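Hey, can you work out the whole structure from these sequences and the hints?
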Amino acid sequence: MAKTETMTINMGPQHPSTHGVLQLVLELDGEIVRKITPHIGFLHRGVEKLAEHRTYHQVLPLTDRLDYLAPMHNNLGYVLAVEKLLGIDDQIPERANAVRVLMAELTRIKSHLVWLATHALDIGAMTVFLYCFRERERIMDFYEKISGARMTSNYFRVGGLSSDLPDGIEKEIRAFIDEMPGHVDTYEGLLSGNVIWQKRVMGVGVIEAKDAIDIGLTGPALRASGVDWDLRRDQSYCDYDKYDFQVITGKDGDTWTRYKCRLDEIRESCKIVRQVLDGLKPGPILADCPKVCLPPKKDVVNTIEGLIHHFKIITEGFKPEPGEVYVGVENPKGEVGYYLVSDGSPHPYRMKIRPASFVNLQALPQMAEGAMIADVIAIIGTLDVVLGEIDR
Amino acid sequence: MSEHPAVAQLKGQFGDKVLKVEEFRGQTSVTVPKEEIVAVCTFLRDSCGYNFLTDLCGVDYLGRTPRFTVVYQLYNIGAHTRLRLKAEVEEGDCRIDTVTGVWSTANWFERECWDLMGIDFVGHPDLRRILLPEDWSGHPLRKDYPVQGPDREPYQGRLS
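Same order as they appear, the protein sequences are chains A and B. Here the first sequence is numbered in full-length UniProt numbering, starting from 1 and rising by one per residue. Here the second sequence is numbered in full-length UniProt numbering, starting from 1 and rising by one per residue.
Where hints are given, some of them may not hold.
Said to hold, decoys possible - Label-pair ranges, simulated between beta-carbon atoms:
1) A/ASP211 x B/PRO146: 39 to 47 Å
2) B/GLY123 x A/ASP178: 50 to 58 Å
3) B/ARG64 x A/GLY168: 51 to 59 Å
4) B/GLY26 x A/THR4: 52 to 60 Å
5) A/GLU321 x B/VAL122: 30 to 38 Å
6) B/GLY123 x A/LYS297: 53 to 61 Å
7) A/ASP211 x B/GLN9: 20 to 28 Å
8) A/ILE9 x B/ARG64: 25 to 33 Å
9) A/GLU305 x B/LYS20: 40 to 48 Å
10) A/ARG233 x B/ALA8: 54 to 62 Å
As the list claims (entries may be wrong) - Covered stretches of chain A (chain B as the covering partner; in silico rule of three or more C-beta atoms under 8 Å from a C-beta of chain B):
11) 133-139
12) 214-222
13) 244-254
14) 331-343
Hint data in this document are derived by calculation from the structure and do not stem from the laboratory. Computed from a prediction, not measured in an experiment: that's the story for all the values here. Quick reminder that beta carbons are idealized off the backbone N, C-alpha and C, glycines included.
Listed below in structure tokens is the structure:
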């Protein structure tokens, strides 16, 4: 009888599908993966430690850089947590909340486009990559016009926004949103009917609802297993409950279903953006909290109160009363949460980030052990991980 | 008395072992003895619907006794409610039982907590560093670990 031996190989960190900073140690029996041991931490920057030594406002730029494909979502989770800690979460102006939703949904589209582009590329389909990046570029342009930056937007502020929307941007966003569902149809036209694509994703990386909950999956990866849970609807924030949208779920829990869920989520995001634009009214973009929100520049240069508030917030920060809060938001990858502990000083005593990608990646061995080595690539892609968020 | 439904259930089941219940900004935290953590988590999962462990971390209250607190953020997917569970851990006996048997997702969270905070999770199937190299000395999220690096003086805080 022939004797078989397993072989151990390293996949990554240099493999293109492992994003340059994820190492998987695979134990192979021929082409069958018997065991996967992920190694992470190559990017670790100590963001949580740094946050303990900065004022609440100074932490904001650290959050952009976690998930650099969805920076505004990570900003949003943080500012919502600080607002909750301060007890001003019900004082955010209507327009600020509407713009937050607008940008969050554009970011979701942008993030899903990069996911689809790279996921398809990992599996061998290049055309979709080019199309997705073409559309993503439009959103990057909106980012640049609205926040002044393409990647590290740093646009949200505790209490509202850093600035209002530039004139005429609503029209440009509406034109883009009108086109976007057609583009999604194009992507589907290129992939969904393609037999190679179907064989690479259908029945691959299956995870049942109960197992998905147990291992902590969130976002589209969880909903594709049939769990109807979305924080935008179930723990509504930023007035998400005002908008009519569907929470997309699947039932098979495989790579194909996760692909379909994310495409449908892009369509739903377009619906939300359209509703925001329809209902957008002029108004303030910052809460009336002079001890927390920086005053408008004209007040800083024209009034002594404005000058003092600006000076005090910049030099000292603000001091939330002692206590602790946890706030989670529905990011493109899943739930990103911020746990903040205040000791009454101007900087967080403890900040713990709950990164969606970190927890989702933990499910990789469960989903891929027993599959073929080529399926590992498809499964990493379908989890839509960003190592910046995992390693923090 | 907290209005949170799980608090009444916990008190009914564990009585005086529910050490503290705190409310802040509409969120509820329950502190239990660390010896009871697995029993409490199992009860919350099986009898109160807290089937999802959202997050787990440690907090270092340097200067206080006990020094560390392990914090569990729980979510009930059916009822859409949250609950924060806490257990205090002394510096001299810096360990607590693992809850990986209750929720598999605790595996990486506990590894991270061990790596950065130095809290030992007894019974963990694979407790080793996750974000830092194996040969790293110390646990950087402890308050007495200098922010600039292991060979520097502890940072005094820019503003405090």
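Tested hints:
For the pair A/ASP211 and B/PRO146, the beta carbons lie near 42 Å from each other, so the given range of 39 to 47 Å is met. Between B/GLY123 and A/ASP178, the C-beta spacing of about 56 Å keeps the proposed range 50 to 58 Å intact. The hinted window of 51 to 59 Å between B/ARG64 and A/GLY168 holds, with their beta carbons roughly 55 Å apart. Here the CB-CB span from B/GLY26 to A/THR4 is close to 59 Å, well matched to the stated 52 to 60 Å.
A beta carbon spacing of about 36 Å between A/GLU321 and B/VAL122 agrees with the range 30 to 38 Å that was offered as a hint. For the hinted restraint 53 to 61 Å between B/GLY123 and A/LYS297, the CB-CB distance of approximately 57 Å keeps it satisfied. A/ASP211 and B/GLN9 have their C-beta atoms about 26 Å apart, which keeps the hinted 20 to 28 Å range intact. A/ILE9 and B/ARG64 have their C-beta atoms about 48 Å apart, which leaves the hinted 25 to 33 Å range violated.
With their beta carbons about 42 Å apart, A/GLU305 and B/LYS20 fall inside the hinted range of 40 to 48 Å. The supplied range of 54 to 62 Å is broken by A/ARG233 and B/ALA8, whose beta-carbon atoms lie about 27 Å from each other. With 0 residues bearing a CB less than 8 Å from a CB of chain B, the region 133-139 of chain A misses the requirement of three and the coverage assertion fails. Only when three residues or more bring their CB closer than 8 Å to a CB of chain B does the claim for the region 214-222 of chain A stand; here the count is 3, and the claim holds.
Check result for the region 244-254 of chain A against chain B: violated, 0 residues qualifying (beta carbon to beta carbon below 8 Å, three or more required). Beta-carbon proximity to chain B at under 8 Å applies to 4 residues in the region 331-343 of chain A; the threshold of 3 is reached and the given coverage holds.
Comparing the model with each earlier hint shows violations of hints 8, 10, 11, 13; every other hint is respected.
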